[in-house]
Structure formats: C-alpha cells, structure tokens
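Take the given structure of chain W and dock chain A to it, following the hints.
Number of protein chains: 2
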Amino acid sequence: MTNFFDTDHLHQHISKQYDHELLDIRNRVLTLGGLVEEQVESAVTALVNNDVELAERVISDDYKVNSLEVSIDEECTQIIALRQPTARDLRLVVAVIKTITDLERIGDEAKRIARLSIDLATHYPKKNQLTEVEQLAKHVRGLLREALDSFARMDVDEALRVVQDDRMVDREYESIMRQQITYMMEDPRAIPVSLDIMWSARSLERIGDRSCNICEYVIYYAKGKNIRHISIEQVEKDLRDT
Amino acid sequence: MTNFFDTDHLHQHISKQYDHELLDIRNRVLTLGGLVEEQVESAVTALVNNDVELAERVISDDYKVNSLEVSIDEECTQIIALRQPTARDLRLVVAVIKTITDLERIGDEAKRIARLSIDLATHYPKKNQLTEVEQLAKHVRGLLREALDSFARMDVDEALRVVQDDRMVDREYESIMRQQITYMMEDPRAIPVSLDIMWSARSLERIGDRSCNICEYVIYYAKGKNIRHISIEQVEKDLRDT
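Residue numbers (the UniProt record's numbering), protein chains in the order written: chain W, 1 to 242; chain A, 1 to 242.
Any given hint could be a false lead.
Only pairs whose alpha carbons sit at most 20 Å apart, straight line, appear in this in silico PhoX-like list of lysine-lysine [to be verified]:
hint: 1; chain 1: W; residue 1: K223; chain 2: W; residue 2: K64
hint: 2; chain 1: A; residue 1: K111; chain 2: A; residue 2: K64
hint: 3; chain 1: A; residue 1: K16; chain 2: W; residue 2: K98
hint: 4; chain 1: A; residue 1: K225; chain 2: W; residue 2: K98
hint: 5; chain 1: W; residue 1: K225; chain 2: A; residue 2: K225
hint: 6; chain 1: A; residue 1: K64; chain 2: W; residue 2: K64
hint: 7; chain 1: W; residue 1: K237; chain 2: W; residue 2: K225
hint: 8; chain 1: A; residue 1: K98; chain 2: W; residue 2: K225
hint: 9; chain 1: W; residue 1: K98; chain 2: W; residue 2: K138
hint: 10; chain 1: W; residue 1: K98; chain 2: W; residue 2: K237
Honestly, the hints are just simulated from the structure, not real lab data.
Excised from the complex, chain W in its bound form (with noise of 0.2 Å):
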C-alpha cells in the first residue's frame, strides 16, 4: 500500500494536531483500502482454486473491513463538529466519508464472491472456464490498486485514467456475460457453474465502478467539481478549460 507522506499542499494549519488528524484519517483510508484489495485478491484466488479454506477466511475477515470503516467515518464526523473544516479541508473529509462507503461495499463484493466460489467448488469447475474471469479479476483489482494510488496523491490525472479503464472492464464483462450465456444453451447441465460465473463477474464489474467512484471523490477534492454524471468527455475538457 502507498503510503501518504507528501502533505506540503495540504496547507498548513495552526493547530498541529488537526493536520495531524487530517492525516490521520487519509493513511487509514488506504489501511481500509489495503485491507480490502488483499479482501478482493483472496476471493478471486479461492474462486480460481476452488479454495474453500481460503473463501472462508475471507467471509469471517468482513468484520474487520466493517470495523475500520465505522471507526473512519466516525473520526470524520468528531473532525467536522470539532474543527468545523471549510474549503479544501471540508471536501477533504467528505470525500473520505464517501470514499469508505464505497470500499466497504467492495469488501461486500468480495465476501459475495468468496461465498460464490464455495457454491462453484461443489461443482468442481474446470480451471479453463474461469481463464476470462481470471482475467477479469486482474483488471478489476489494477482498478482499484491505481484508484487507491490516484487518492493517496490525490491525482486527478491517475483518477481520470482509471474511470476511462473502466470501459474496457466493462466490456470484457458483458463478454463474459454473452459466453456463459451461450455455454448455458448449449449445455443445460452448465448452468449452476455458468451462473455462479456470472455472479461473480457482476461482482468484479461494480467493484470496477466502485473504484471509478472513488476516483470521482478525488476529483471532487482536488477541483471542487463534482464530476459524477457527466461524461467522461466533458469532465476532460471541463478540467483543460480551469
């Protein structure tokens, strides 16, 4: 996990123990967002491997994605009653509170997952119907490594790499989706694998947007825009023209 040391333009304050405080809250963001990439890692590696061992850890460890995000989101709302931040530091901790929700639910995806995956080794699927998977997983977890990087240095470059990414990942879904369709109409004994397959690659496409999410906070941050329902396009041109 990147580590967040760079804080010359988070402008200083007065009080030192309130950019302490606003440091504080940014590095445990990305201990949550360590925390549920390795979430993420576990259940696409038990899916691939039939693991249940592995799918169970990763369904008992939820408590501690959910733990971290409540402990965060209750430090920012002591942050905004007891400092009362404005400006840079107010869409600060606002991005922060949206930010855990998203990779909460993402830990969420990742449990659903790991649950799948026990479902699948009943089955004992063979490993090369879950190669486009497989490599879905990749892309998926790149997302959300390069969202987390892109919040760590608050880059709104990165950020607006990452949203653009996500087109592919969907398309490489909805591939997914027409194949196992196919799969299914040609072998109706297919379909409890074919549909666990689906699952689980819904799952992995919203932890796409999830992570695109997160990238829209750190534009938020960075520009004060908000750039969620617009296209990618204007957003673009919209931060060229500023």
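Chain A in isolation, oriented as in the chain W frame:
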C-alpha cells in the same frame, strides 16, 4: 409523499435562516425520494406490461434523479461550511448526504430494470412468468415507501420494522432465483427470459437493501448510534437499553 412539518424536536436556532436550511434539505430528500419511488414504480410497470415506451421514459428521466442528488449534496456541504453544525444537526446533514447517495443508486436500479424490460419485451414473456417478480416488487416498493416515511418522521420504530421486513424480501428473492434455475434447466430456450427475470429480481432485492440503509441513517440520526454491521437483535436490545 409524506410532507415534513413536525419541526418541534429540531431544537431552535438563533438563526431562523439556518433552521430553514435544515428543514429544506430534509424536504428535498423527500422530493428526491418521491421521484425515485415513481421511477421504480414505472420500471416495474414497464416490466410487467412489456411497455417499452414507459421503460424508455424511466431511462431518460434518470438525469432528474441525478441532478437533484448533486444539488442536495452541494447544499449539505454548504451548510457544513457556513453553519458549522454540531451534534444532532451535524448528524442530520451526514444522514442526508448518505441517504441521497442510496436514493440515487435506487434510481440506477430502476434504470436497470427498465433496460431489462426492454430486452424482455423482445422475448414476450408470459404474464404468469412475472407474477413472482411483481409480488417481490410490491413488497420492495412497500419497504422503500416505509423507509422514506421513517425518514420524514425520523421514526426509529418504523425504521427497525423496515430492516426486519427486508428479511422476508430476501427470502422471496432466493425463491425466485431457485425457481428460475429450475425453469432454465427444464427448457434451455427459457434461458434468456429467465436471466432477465433473475437480474430484475436482483435489482429489486438491492432496492430493499438500500431502503434498509436509509433506515440505518434514521437510527444514526435519532440515536447517535451507527447500527451498520450489527445484528437486528442486538440493535433492538441496545435501543431498549438506552
């Protein structure tokens, strides 16, 4: 849509304008909620009646949900920056920020159902194939309505009831999934229709989950307790003990 007039328990502020702002964001959440309820209702009607025109209207109206959400979000950030709310007022603003995110995502699910209904219309599913989904939709719309009512009145008891009722919705959803798998295995030609029905049921189940999220924010506002990730039994015990 329930209107929100009972401001007695909002403690009075020196600035009448500030009181007005807090009331305004609550009322605007209910406006957004009403809009989202309509979108869900139209999407389900489009699905059940193979009404492509109505489905297209749901899709094209989604921008209304999005812009209202962005606008309320900005109003909340303004209130935090200018009014520096604390305690109960701060919890209200945070609850509003989180609620509108879930409402916007419920709008996205309505759009998904509308898209599926357009796809389904080409397969002309028989009316009786959709009976169970229609029933599920009725219950989910009830949950959403009650969640919005509990928000309007900040009614913890009603909020808890919604969280409990969502369990029944989850069971109905599971039953639809099992039934569709059986249909698909019996007749592979049914696969495309069954998949669309499964995805629609999935979206409805997600709307139920998000309605529960809204109820959790109501409890957080009223009690200052974050009840996410705690079992419903524990929550009821905790609330009795306070």
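Here is how each hint holds up against the structure:
A threshold of 20 Å between alpha carbons decides the hint, and for W/K223 with W/K64 the separation of about 32 Å lies outside it, so the pair is violated. Among the hinted pairs, A/K111 with A/K64 is consistent with the structure: their alpha-carbon atoms are about 12 Å apart, no more than 20 Å. Our distance criterion of 20 Å between C-alpha atoms is broken by A/K16 and W/K98, whose separation comes to about 30 Å. Taking the CA atoms of A/K225 and W/K98, the gap is about 19 Å. The hint holds against a cut of 20 Å.
Simply put, W/K225 and A/K225 have alpha-carbon atoms about 31 Å apart, too far for the 20 Å limit, and the pair is violated. Between A/K64 and W/K64 the CA atoms are separated by roughly 37 Å; this puts the pair beyond 20 Å, and the hint is violated. A hinted pair counts as satisfied when its Cα atoms are at most 20 Å apart, and W/K237 with W/K225 qualifies at roughly 13 Å. Under the criterion of a C-alpha separation no larger than 20 Å, the hint pairing A/K98 with W/K225 is consistent with the structure, at around 19 Å.
About 25 Å separates the Cα atoms of W/K98 and W/K138, which puts this hinted pair outside 20 Å; it is violated. Simply put, W/K98 and W/K237 have alpha-carbon atoms about 25 Å apart, too far for the 20 Å limit, and the pair is violated.
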